[in-house]
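Undergrad: Input sequences plus hints: build the corresponding full structure.
Protein chains: 2
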Amino acid sequence: MTQNSANIAPIEVTHQPRQVILIIGDGMDEQQLTIARNYLKGSQGKLRLDHLPFRASMQILTTEDRQNGKPVYVADSANTATSMATGVITSRGRISTRAGSDTTIATIVELAVAGGLRTGLVTTSSITDATPASFITHINFRLCENPDAMVDVNYKGIALGDCSEYLKANGGGGSIAEQLADSPVDVLLGGGEKHFTPIAEAETISVKALAERNGFEVITRKDELASASQDKRLLGVFAQSTLPVRLRGEDGREAEEPEPSLLNYIHPYLGDVTLPAPMVCEANPDFANMPSLQQMTNIALDRLSRNNNKGFFLMIESASIDKQSHERKPCGSIGEVEQLDEALQSALAFAETHPRTLILVTADHSQAAQLIPDESLFAAYPISTYTPGYVARIVTPEGSHMAINYATSNFMMEEHTGAAVPLLANSEGIGRIPTFVQQPQIFGIIREYLGI
Amino acid sequence: MTQNSANIAPIEVTHQPRQVILIIGDGMDEQQLTIARNYLKGSQGKLRLDHLPFRASMQILTTEDRQNGKPVYVADSANTATSMATGVITSRGRISTRAGSDTTIATIVELAVAGGLRTGLVTTSSITDATPASFITHINFRLCENPDAMVDVNYKGIALGDCSEYLKANGGGGSIAEQLADSPVDVLLGGGEKHFTPIAEAETISVKALAERNGFEVITRKDELASASQDKRLLGVFAQSTLPVRLRGEDGREAEEPEPSLLNYIHPYLGDVTLPAPMVCEANPDFANMPSLQQMTNIALDRLSRNNNKGFFLMIESASIDKQSHERKPCGSIGEVEQLDEALQSALAFAETHPRTLILVTADHSQAAQLIPDESLFAAYPISTYTPGYVARIVTPEGSHMAINYATSNFMMEEHTGAAVPLLANSEGIGRIPTFVQQPQIFGIIREYLGI
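Going down the list, the sequences are from chains A and B. The first sequence: position 121 = 135 (the working numbering), numbered continuously. The second sequence: position 279 = 293 (the working numbering), numbered continuously.
Mixed in with the good hints, there may be bad ones.
One copy or any two copies: either way a pair holds, since identical chains are not told apart in the list.
Listed next, the in silico EDC-like pairs over lysine to aspartate or glutamate satisfying Cα-Cα at most 16 Å (straight line) [claimed, not checked]:
{"no.": "1", "residue 1": "182", "residue 2": "217"}
{"no.": "2", "residue 1": "84", "residue 2": "412"}
{"no.": "3", "residue 1": "246", "residue 2": "231"}
{"no.": "4", "residue 1": "84", "residue 2": "388"}
Keep in mind that the hints were calculated from the coordinates and are not lab data. The structure presented is a predicted model; accordingly, all values stated were derived computationally and were not measured.
TA: In structure tokens:
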């Protein structure tokens with residue numbers, strides 16, 4: 015470098031605002047990414063995220079629900095989001111509270127607000143669901159999403175949990191929806207309208223009205239996104255619960271069980287088996303009136319960056335990669351990876367004009383779906399070989415059959431799995447992130463980048 | 015930089031030899047790595063490979079067995095090793111021959127030999143198995159491993175394939191073992207002695223004797239490794255077939271099927287289920303007389319680098335991560351990840367003193383094993399939830415239970431899966447490898463680094 019650098023701009027312009035865009039694909043492990051890549055771009059194609067210049071692997075950490083508990087090897091979305099939002103390992107089901115002790119843990123959103131930054135949470139799930147909730151609320155059980163689900167939380171009489179301790183009457187912050195309505199977050203977009211219609215604790219108004227009283231404009235339709243007042247904070251809830259997904263199986267089909275012949279029931283090496291017929295993916299008609307994750311992302315980026323010289327933190331979640339995998343619906347998961355990849359496109363375009371933007375793309379945990387051979391590796395053997403679980407055989411646009419296996423549970427829902435997940439970043443991540451990360455480190459990486 | 019650089023050593027010393035060490039964990043996907051990490055180092059620990067400074071994801075590509083065939087989404091070790099060894103996408107079962115046409119494809123080992131470099135192949139499988147074979151031999155079907163398995167290859171009467179076209183009498187190179195015996199490779203270490211005892215085609219001597227006639231010293235015992243002549247090339251085969259693995263389940267146990275009660279057979283929401291009892295991993299007594307992968311690696315590195323100013327290519331495979339997963343033996347796979355990590359340690363130590371050494375660590379394809387919750391995510395529901403496949407519940411050294419699920423097939427062997435696999439590198443890989451790679455690109459990366 016020349017000694018005379020008087021005319022050269024300094025490398026670091028310290029007054030430029032800094033922002034972090036954390037994009038979470040719920041359950042988006044390497045199986046899900048490969049399945050989506052093969053379908054959306056072809057086996058030799060690339061997703062946008064494949065072009066990101068930094069890649070790491072992220073180990074997921076969970077603990078028993080007691081202090082100094084032993085490790086638990088498979089997580090849920092509550093404790094994993096808590097890891098990223100707070101840097102603390104906790105137990106399954108917990109929203110930014112400590113295992114065993116119920117202590118609340120400061121989140122990256124709270125630190126950002128304290129530092130004068132704007133904040134936003136965008137998701138395709140209910141905005142009260144575990145992933146967004148963990149970034150700003152604190153409660154011992156993720157299903158305590160509204161004031162009517164705080165005491166004796168149950169599903170058709172089956173006791174699932176209790177959050178009485180977090181009632182406002184008991185000194186807590188109330189349900190997740192109430193905590194969101196009372197929160198300082200600038201942009202909250204997703205689903206979950208039904209959690210905002212109950213009457214707020216110790217109030218005569220709904221949680222929605224509480225949010226409005228606290229300075230939110232509350233919208234419920236896609237066409238209100240662009241016209242919402244810039245003078246108010248924004249809470250958008252575009253469905254009663256999770257947003258409908260973009261793609262579904264042909265005529266709504268999902269993975270199905272192979273059907274053994276009578277002889278095959280008697281012995282697996284006799285008779286034969288009928289595999290589910292191949293199917294294409296199709297547009298889900300229920301998605302028609304939904305904002306896309308990219309549309310919500312664009313609104314959030316605009317609102318968080320406009321006339322802002324302090325920077326922001328934005329979390330964007332594609333939630334139903336996981337939810338559709340639980341329900342054995344591979345087309346649904348594929349469409350939600352596509353939604354994430356489009357949101358990333360918007361984030362990258364934003365970073366083009368706002369160079370001090372760290373974009374992180376990651377998953378919270380791995381999922382059940384596996385890409386298995388459509389023709390078995392053992393097809394030469396004259397016996398039927400097939401999955402003991404459920405399989406969907408998808409006809410891809412490049413004309414091959416892609417078989418997706420779901421076989422972690424006989425229950426109506428598949429389990430999560432424990433594999434480390436991908437962590438990608440734009441060039442701002444290079445040199446700031448090791449190639450192997452433990453999930454709670456995400457908190458420190460974001461905090462350090464934002465200087466909060 | 016100062017203009018006066020007379021006293022500064024040139025950055026590039028062009029006469030330094032260059033070498034590539036390609037370490038392949040067969041079937042070593044993110045599930046296998048996480049399972050092994052949790053067991054060997056603890057959930058908060060790190061494998062040696064986790065410290066490597068570069069990480070990418072590698073898409074696996076396979077095709078139907080015809081020219082211009084459609085994509086196939088799940089691979090085997092033959093076509094994946096062919097991808098890495100030749101840069102060409104082929105069909106399952108093929109060893110460096112083209113899909114549909116049987117044309118042979120030049121391999122990275124052949125190019126290295128032509129460029130005057132030394133070469134070595136080290137594996138815990140038979141040295142004739144698909145992964146090592148693809149780096150130097152050419153044949154249409156991977157099971158044609160010896161002269162007695164060239165025509166009408168079958169298993170208990172079940173026709174699996176035919177390699178008549180590759181008989182020497184028909185202008186081919188003969189079986190894989192014969193092609194290895196006739197090869198210019200400097201170091202071949204692994205298992206598979208049984209493939210070298212048959213009489214070589216058109217000879218009156220065994221394949222082993224053919225190898226000796228061609229300049230190999232052939233050894234079969236670990237204690238011969240260090241004392242073998244430096245003046246001859248080395249072929250070591252330390253077991254009849256695959257080398258015994260280091261770890262096994264307690265008393266030889268593997269994953270087992272949950273046992274439903276009679277009521278649960280009637281309906282899955284009735285009665286209960288007995289899961290397999292937890293087990294520890296233990297040393298496999300059959301491993302006692304085996305050289306470790308690290309010991310074989312050390313010998314290979316010494317022989318390939320000694321008095322060598324031209325560099326070398328060395329492929330090291332930990333083969334039984336995959337083979338043990340096919341057989342639902344998680345302890346076996348864990349021990350083989352450990353063996354790979356130790357071999358990497360030797361490679362890294364070598365690179366310390368030989369700075370122009372590119373070390374790549376990767377897998378050929380994904381596998382069936384999944385880390386699932388030991389306590390179901392749905393444990394609050396008063397019904398039994400359990401895998402439809404096989405599960406092993408391993409007691410880890412940190413005292414938790416790690417449940418490993420195998421549920422891709424009802425057959426006696428699990429299937430491969432299709433997810434992209436990890437690709438890691440030492441610092442020599444930085445700037446030379448994108449963060450997303452298609453498997454055939456490995457060939458070009460190695461070729462360019464070696465300048466061949």
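Undergrad: Against each hint, give a clear statement of whether it holds in the structure.
TA: Hints, one by one, checked against the model:
With identical chains, the CA atoms of residue 182 and residue 217 are at most 16 Å apart within one copy only, with a shortest distance of 11 Å there and 89 Å across copies. For the identical chains of this complex, residue 84 and residue 412 are inter-copy neighbours only, at 8 Å across copies versus 47 Å inside a copy, given an alpha-carbon limit of 16 Å. Taking the closest pair of Cα atoms, residue 246 and residue 231 come within 16 Å of each other only inside a single copy of the chain (6 Å); across copies the shortest separation is 81 Å, beyond that limit. Proximity of residue 84 and residue 388 under a CA criterion of 16 Å is satisfied inter-copy only: 13 Å between copies versus 40 Å inside one chain copy.
Comparing the model with each earlier hint shows no violations; every hint is respected.
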